[in-house]
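Chemist: Sequence:
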Amino acid sequence: MGDTSCVFWVLALPRFTISSNYVLQEMLRKMNITEVFTNRADLSGITGKPELKVSKAIHKAYLNVHENGTEAAATTVFESVPYSVPPEVKINHPFLMVTVHEKTSTILFIGKVKNPNET
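Numbering-wise (full-length UniProt numbering), the sequence shown opens with residue 1 and increments by one.
Honestly, the hints are just simulated from the structure, not real lab data. What you are looking at is a predicted structure, and each value in this text was computed from that prediction instead of being measured. Please note that the accuracy of each hint is not assured.
Listed below are the simulated SDA-like cross-link pairs for lysine to any residue, each with C-alpha atoms no more than 25 angstroms apart in a straight line [what the hints assert, rightly or not]:
1. 103 <-> 36
2. 60 <-> 25
3. 103 <-> 64
4. 112 <-> 34
5. 103 <-> 66
6. 112 <-> 40
7. 60 <-> 110
8. 56 <-> 114
9. 112 <-> 36
10. 103 <-> 56
11. 112 <-> 64
12. 56 <-> 70
13. 114 <-> 36
Label pairs and their in silico Cβ distance ranges [unchecked claim]:
14. 12 <-> 41: 12 to 22 angstroms
15. 109 <-> 48: 18 to 28 angstroms
16. 26 <-> 109: 44 to 54 angstroms
17. 109 <-> 67: 11 to 21 angstroms
18. 42 <-> 116: 43 to 53 angstroms
19. 26 <-> 46: 37 to 47 angstroms
20. 51 <-> 116: 44 to 54 angstroms
C-beta: ideal position from N, C-alpha, C; glycine also.
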């Protein structure tokens, strides 16, 4: 990400939860990943047994944002404590959110909140 500086804000953000399930077979087929779903697939390197077959590929994501921090996939919690009094920003309209792993710049979650005033 190059030379960047951190700016901290106090966000007035409503609590929200986003969860989704995606069946990945069609997307994987478009990426030409097809053999894994057939009887020709050799997945014995995973278990040592040739009987392993893939019938479905499903991605599940869960994100819960609340006053104490963020829960992702119901197992990881990220909390932040400001070091000084930052400016306050109130989010009371639709918004996009992105959670990025700071060290690798990897996007962990992307979401869209259409009505932040809905609980």
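Chemist: All the hints need checking, so say for each whether the structure fits it.
Modeler: Going through the hints against the structure:
1. 103 <-> 36: This hinted pair is violated, its Cα atoms lying about 33 angstroms apart.
2. 60 <-> 25: holds, 14 angstroms
3. 103 <-> 64: Distance of about 22 angstroms is within 25 angstroms: holds.
4. 112 <-> 34: violated, 31 angstroms
5. 103 <-> 66: holds, 24 angstroms
6. 112 <-> 40: Not OK: residue 112 and residue 40 at ~39 angstroms, beyond 25 angstroms, violated.
7. 60 <-> 110: Judged against 25 angstroms, a Cα distance of about 13 angstroms means the pair holds.
8. 56 <-> 114: violated, 30 angstroms
9. 112 <-> 36: violated, 32 angstroms
10. 103 <-> 56: violated, 32 angstroms
11. 112 <-> 64: It holds: about 13 angstroms lies between the C-alpha atoms, which stays within 25 angstroms.
12. 56 <-> 70: violated, 29 angstroms
13. 114 <-> 36: Distance ~37 angstroms between residue 114 and residue 36 Cα, so the pair is violated.
14. 12 <-> 41: 12 to 22 angstroms: With Cβ atoms ~51 angstroms apart, the hint is violated.
15. 109 <-> 48: 18 to 28 angstroms: violated, 35 angstroms
16. 26 <-> 109: 44 to 54 angstroms: violated, 22 angstroms
17. 109 <-> 67: 11 to 21 angstroms: holds, 19 angstroms
18. 42 <-> 116: 43 to 53 angstroms: Given range 43 to 53 angstroms: holds, Cβ gap about 48 angstroms.
19. 26 <-> 46: 37 to 47 angstroms: violated, 23 angstroms
20. 51 <-> 116: 44 to 54 angstroms: holds, 48 angstroms
The structure fails to meet hints 1, 4, 6, 8, 9, 10, 12, 13, 14, 15, 16 and 19 from the earlier list, while all remaining hints are met.
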